[in-house]
Structures are given as structure tokens and as C-alpha cells.
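In the order they appear, the protein sequences are chains U and B.
Residue numbers for the first sequence follow our numbering, so the first one is 1 and each next one is one higher.
Residue numbers for the second sequence follow our numbering, so the first one is 1 and each next one is one higher.
In case anyone wonders, no lab produced these hints; they're calculated from the structure.
Incorrect hints may appear among the rest.
The list makes no distinction among identical chains, and a pair is therefore deemed to hold if it is satisfied within one copy or across any two copies.
[To be verified] Distance condition first, Cα-Cα at most 20 Å in a straight line; then the derived SDA-like pairs of lysine to any residue:
1) LYS313 - ALA87
2) LYS244 - ARG142
3) LYS126 - ALA87
4) LYS274 - ARG220
5) LYS126 - ASP88
6) LYS236 - ILE168
7) LYS126 - GLU80
8) LYS126 - LEU85
Number of protein chains: 2
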Amino acid sequence: MKPSSVVALAGGVGAARFLDGLTRVIEPERIFIIGNTADDAEIHGLHISPDLDTVTYTLAGLSNPQHGWGIRGDSFRCLEALGRLGADTWFQLGDLDLATHLYRTERLRQGASLAEATSEITAALKVRSRLVPMSNERVRTRICTPSGELEFQTYFVKRRARDRVTAIHFEGASEAAPAPGLLDAIAQAEAIILCPSNPFISIGPILAIPGIRTALQRKRDKVAAISPIVGGRALKGPAAKMMKSMQLRSSAAEVAKLYLDFTNIFVLDELDRKQAAQVEAFGMRPVVTNTIMRGLRERKSLARVVARELGIKLETRA
Amino acid sequence: MKPSSVVALAGGVGAARFLDGLTRVIEPERIFIIGNTADDAEIHGLHISPDLDTVTYTLAGLSNPQHGWGIRGDSFRCLEALGRLGADTWFQLGDLDLATHLYRTERLRQGASLAEATSEITAALKVRSRLVPMSNERVRTRICTPSGELEFQTYFVKRRARDRVTAIHFEGASEAAPAPGLLDAIAQAEAIILCPSNPFISIGPILAIPGIRTALQRKRDKVAAISPIVGGRALKGPAAKMMKSMQLRSSAAEVAKLYLDFTNIFVLDELDRKQAAQVEAFGMRPVVTNTIMRGLRERKSLARVVARELGIKLETRA
Numbered sequence: 001m002k003p004s005s006v007v008a009l010a011g012g013v014g015a016a017r018f019l020d021g022l023t024r025v026i027e028p029e030r031i032f033i034i035g036n037t038a039d040d041a042e043i044h045g046l047h048i049s050p051d052l053d054t055v056t057y058t059l060a061g062l063s064n065p066q067h068g069w070g071i072r073g074d075s076f077r078c079l080e081a082l083g084r085l086g087a088d089t090w091f092q093l094g095d096l097d098l099a100t101h102l103y104r105t106e107r108l109r110q111g112a113s114l115a116e117a118t119s120e121i122t123a124a125l126k127v128r129s130r131l132v133p134m135s136n137e138r139v140r141t142r143i144c145t146p147s148g149e150l151e152f153q154t155y156f157v158k159r160r161a162r163d164r165v166t167a168i169h170f171e172g173a174s175e176a177a178p179a180p181g182l183l184d185a186i187a188q189a190e191a192i193i194l195c196p197s198n199p200f201i202s203i204g205p206i207l208a209i210p211g212i213r214t215a216l217q218r219k220r221d222k223v224a225a226i227s228p229i230v231g232g233r234a235l236k237g238p239a240a241k242m243m244k245s246m247q248l249r250s251s252a253a254e255v256a257k258l259y260l261d262f263t264n265i266f267v268l269d270e271l272d273r274k275q276a277a278q279v280e281a282f283g284m285r286p287v288v289t290n291t292i293m294r295g296l297r298e299r300k301s302l303a304r305v306v307a308r309e310l311g312i313k314l315e316t317r318a
Numbered sequence: 001m002k003p004s005s006v007v008a009l010a011g012g013v014g015a016a017r018f019l020d021g022l023t024r025v026i027e028p029e030r031i032f033i034i035g036n037t038a039d040d041a042e043i044h045g046l047h048i049s050p051d052l053d054t055v056t057y058t059l060a061g062l063s064n065p066q067h068g069w070g071i072r073g074d075s076f077r078c079l080e081a082l083g084r085l086g087a088d089t090w091f092q093l094g095d096l097d098l099a100t101h102l103y104r105t106e107r108l109r110q111g112a113s114l115a116e117a118t119s120e121i122t123a124a125l126k127v128r129s130r131l132v133p134m135s136n137e138r139v140r141t142r143i144c145t146p147s148g149e150l151e152f153q154t155y156f157v158k159r160r161a162r163d164r165v166t167a168i169h170f171e172g173a174s175e176a177a178p179a180p181g182l183l184d185a186i187a188q189a190e191a192i193i194l195c196p197s198n199p200f201i202s203i204g205p206i207l208a209i210p211g212i213r214t215a216l217q218r219k220r221d222k223v224a225a226i227s228p229i230v231g232g233r234a235l236k237g238p239a240a241k242m243m244k245s246m247q248l249r250s251s252a253a254e255v256a257k258l259y260l261d262f263t264n265i266f267v268l269d270e271l272d273r274k275q276a277a278q279v280e281a282f283g284m285r286p287v288v289t290n291t292i293m294r295g296l297r298e299r300k301s302l303a304r305v306v307a308r309e310l311g312i313k314l315e316t317r318a
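Excised from the complex, chain U in its bound form:
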């Protein structure tokens, strides 16, 4: 097998949208995606991997264009029936989506690894890129708030990210091993992209797995990161709010600073052009472009800019 030549670190919706563009400007088979699994949760006894699924559904052309997560045209009849039985139903699980969780949970119980289950699901849904969880082991984001420590989905979905975040930690991360093949993929990559994902809860857990950050540092000249913060706000999700509650400025440059030890190119939005000098002062090469992906055209255009800056050969038809 020819090694994948572009590695992407991915969270959920923002990453999935960018990757949708990237798979249209370079051959999808060349892309090796490392997915965050610290958002995973056990709900109704099922193993839910929200970020892996968001990437999978998006690349399979199945995603719900409104939310970015879930499956287009899904229904919620099982969830409603669970509610009638008295179960908690704050976590939205569609009838079609449930099949993925049932399949994954059963495979895990049969002894398959999360990477194996993910590979089977992506293959069945005809995703041409390789999607690999950051680790086969259990890592869970815990959010510290003034009302106590919360599981990530409780903080994010049930309590709608309204709590002030005082600290974040990744339970299990320091003992977890990167998924098989992951460090090799980084070592052999011709380019590495940090998708526009939350630096704390999407990229953060991936970097917390022993060995990954060091592997990226060794490839620093081939690494580009895309800011998920535009004009001081997060494109999606609670990144900006988290930065503020942790006494950080919510700015693209602040994100750049978190990555400076292993990132060469930092992509920031036209709106943040003034921060380019700051990024440069961190020893990174700033690239200013439009990063807001309203539609397919913008997704492809951003992917093309990033690919060119990294010297990745584009598909001729792109």
C-alpha cells in the first residue's frame, strides 16, 4: 500500500467541512485523517463517537447541511420512544445515525478495536480517505466548571456549553497509545494539516496522546494549521467562549501560539489580517485567505490555498 501523503488532524464539523473541500482538490485516498475521540460518550449503552461520525457522514455525502452533524433526512422515532420509556433524551440520536452506534458498539464488544470498527464503517459508506481514531483506548474530555467537573457531552449538549470553563483535562490520555499506523503516517507525511477545529477540545486531546506532539515537531516544516477563530469568534462551537473563560484572548494569533512548536504555516482569515505580523513573530509563516466555508466553493478554495502553501500536488481536475 502506498502510504497516505497528507495527514489531517480533525475535530468535528469545521474539520469535516474543510476535509470535504480537501478531498475534492487532492485524491481522497492520499488523505489520512486522525480523528478526535475524547468527545466519545456512552449513551443508552451505545458507544458514540461524534467527531468520527461527523467526518464520516460528511465525506460520505450524508451529512445534515444545517447542523453539520447527524445524517440528512434522519428521523428521531426511536429517541422519542426511548423518551416514553423514561430515558434521558437530551442527546439527539437519529434512527439512521443509531445504526452506526449499534454497529460500532457491537463490534467493540466482539473485541474489534475502535480503529477497526471505524474502518469498517467508513468502507461501508464508501469514504475514500482513511479515518483513524487518535487512539483505540478510552480518552475522555472532562470540563471543570464552577459547578464541578462535567463529562464533555453533558457540558456541551445537555448544558449547552453555558458553564464557565476553568480547566479541561483528558482522562486517560497520558496512558493511551496512538492508534496503530498513526505515528508512521505522520512520519511519512508529505504534509500535515490541523483542520479548523477547537484547539482545546478537538485538537488538544489528539496532541495529548503521548508521541503525537513529538512526531509533529519533527515534521514542523510540513505542518499547517487553519485558525478556527475568525474575527475573535469561533466559526462553530464553544472555542471562543472557552478561550475567554480560561483568560485567553479569543483570537487567531492566540491559537497560533498554542501550536508554534510544531507548526510552520498558520492560515488566518482576511478579517484577521492584522494578526499576521504577530503570527510571524511566533516564527510561523502566516497565510491570509478567506477561511469561512459557506459552501462547497469556499471549502474547495480554502483547501486549494492550504495545499498549495504546503506544496501538495493538486489533482488536475481540481
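Chain U is already provided as a structure; the job is to place chain B on it using the hints.
Frame of chain U, contents of chain B only:
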């Protein structure tokens, strides 16, 4: 709590239809139903209890009138999606029905007993009778056929009950204990009814749990059984075929013979009136009536006949 005064031994569809009638002629709260769980299966990692669910859905007014099993108006979107992921989908699981299995499976994993999970489900669905699994422990019907031993659902659903049955056994039955309260309910019952269910695979497993048959023998004068065989054929399911392949005549009298040690009254259909003498020769009191339950009227009418023969006080409105 006032003890339930009528105990019913129940399989699936035939039993559920009879119980639907019975709960309309006597107060549902007086009925204690012992459900067969030897048909239970683990499918997609979920604990499925087909007979408990058929009784529950029917008494909750939710059952699918065509099949008798499943939920009226259910959809199969999750199952279709599971099929796209490559999972086996021969066992029909509707989106609404799935909620019951998810709920039950999670409660069992949390340490609840099957009786507790069943009680929660029936309470949530406002079933007024008490439904108790024959045992909290795992008992599984195994069907021996010329092509080998099969799990019950594989024989029944996947292979459509087409194999010749050479023997049946109930794995785990001899080590299983009756569910809590079950033997007391029998001991205190004012009447006991064997619903018109398959004698081998629905009533058989219940009788195979140590202690139950003996408890019934002690109450012999209060026990009535309704034949599931009418005119030599099973009203529903493979009973007649099983009898033939086990070298038994498929007749109501043959069923009566299986129960003679603990049954006083045997209810057989008008079509089988000629077998009444034979039933009498077994030392049982034959009751001939219409046992074919085409609609609600027939269900109630059969329930009324059985209740009267057993001396059960009917509700005045019945």
C-alpha cells in the same frame, strides 16, 4: 399489595391476543403473567425478549394487528442503515421497537434484573397487569435439526421454521431459578391459565424451570389450558409442524396429554369437539368453545368462557 389472583403462562402472539381479551373481562391488575424468555436473543448487541414485548405491546394497545408482533406503524430506517453497514438484518427491528431493546439492554448492563427492566417498561407503557419473565437467568431454546443445532431465532425467523425438528432443549433451564414472586403468585392464585401458546417452545421452557411444574401440580384443580391447535393446525407459528416432526399427532388432545399432570380444564375448539372424550379420558374436564380469535369480540368471549369455567369473578361491565 393485594396478591394477583389469576396467573397466566404466556408465549407470544396467541397468548397476547387471549390476554387482551382477559384484561377486558377481569380487572387487569388481578392478572399476573409469566412470560417465556427462552426465545430471547442477543441481536446487534441488544437483548431482545420477543414474547415479553409481544405481550407488552398488545396490552399497551400498541401492537401491530397484522403480525401480532412489533409496534403498529413502526418504521425500519435504523435496520436499513444497519444493512448498509453490512450487518445481518434478517431479524426485523423497528425504530420504535428498538427503543425497548435499547432500554432493556442498558438496564441489564447497569445491573437491573430482567424482571425489573420488564416492570419498568410495562409501567412506562401503562400496562396494568403484572408481566414477569419466567426467570431472570438466561435460558435459551435450542432446536435440533438434521442440519445441526440452531438458536431459536435462527430456526424460527432466519430459516423460517423450515427445518425438521428432531429435539428441543432449553439451555440453562435446569440451573435457572423462577423470577422472584413467581412461585408465590402460583401458590396464591385463585386460577391459573395456560394461554393458547406453543406447548414446546412457549409453555415448555416455563415448565422446565425447576419448581414451576411442581407448583402447578399442587394447584391442579385451578388450572385451565387453552389448546393452541385447532383442527390439527396451529393458530399461529410452528406448533403443528413441530409436533409432526417429533412423531406426535398435531391435535388438541395431544397437547392436553402434555399437561395432564397439572391441568384440570382443557379448552378446545368447536372444530375439535370429537376429541373431548379423549381429553376426558386423560382425567381432564374438556370445555368446547370457539377459540379462534379473529377480533376483539372473540378474544373477550373466549376469556369469559375460560374465566367462568375457573370460577373467576368477572367485572360487571364485562
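Evaluated hints:
Taking CA atoms no more than 20 Å apart as the test, LYS313 paired with ALA87 passes in neither setting, with 51 Å inside one copy and 38 Å between copies. For the identical chains of this complex, LYS244 and ARG142 are intra-copy neighbours only, at 18 Å inside a copy versus 62 Å across copies, given an alpha-carbon limit of 20 Å. Taking CA atoms no more than 20 Å apart as the test, LYS126 paired with ALA87 passes between copies only; the shortest distance there is 16 Å, against 34 Å inside one copy. Taking the closest pair of Cα atoms, LYS274 and ARG220 never come within 20 Å of each other, the shortest separation being 24 Å inside a single copy and 92 Å across copies.
Proximity of LYS126 to ASP88 under the C-alpha cut-off of 20 Å is restricted to the inter-copy arrangement: shortest distance 19 Å between copies versus 33 Å within a copy. In the homo-oligomer, the alpha carbons of LYS236 and ILE168 lie at most 20 Å apart inside one protomer (19 Å), although the nearest pairing across protomers, at 59 Å, exceeds that limit. Proximity of LYS126 to GLU80 under the C-alpha cut-off of 20 Å is restricted to the inter-copy arrangement: shortest distance 16 Å between copies versus 30 Å within a copy. Within a single copy, LYS126 and LEU85 get their C-alpha atoms only as close as 36 Å, which misses the 20 Å cut-off; across copies the closest is 10 Å, which meets it.
The structure is inconsistent with the numbered hints 1, 4, although it conforms to all the rest.
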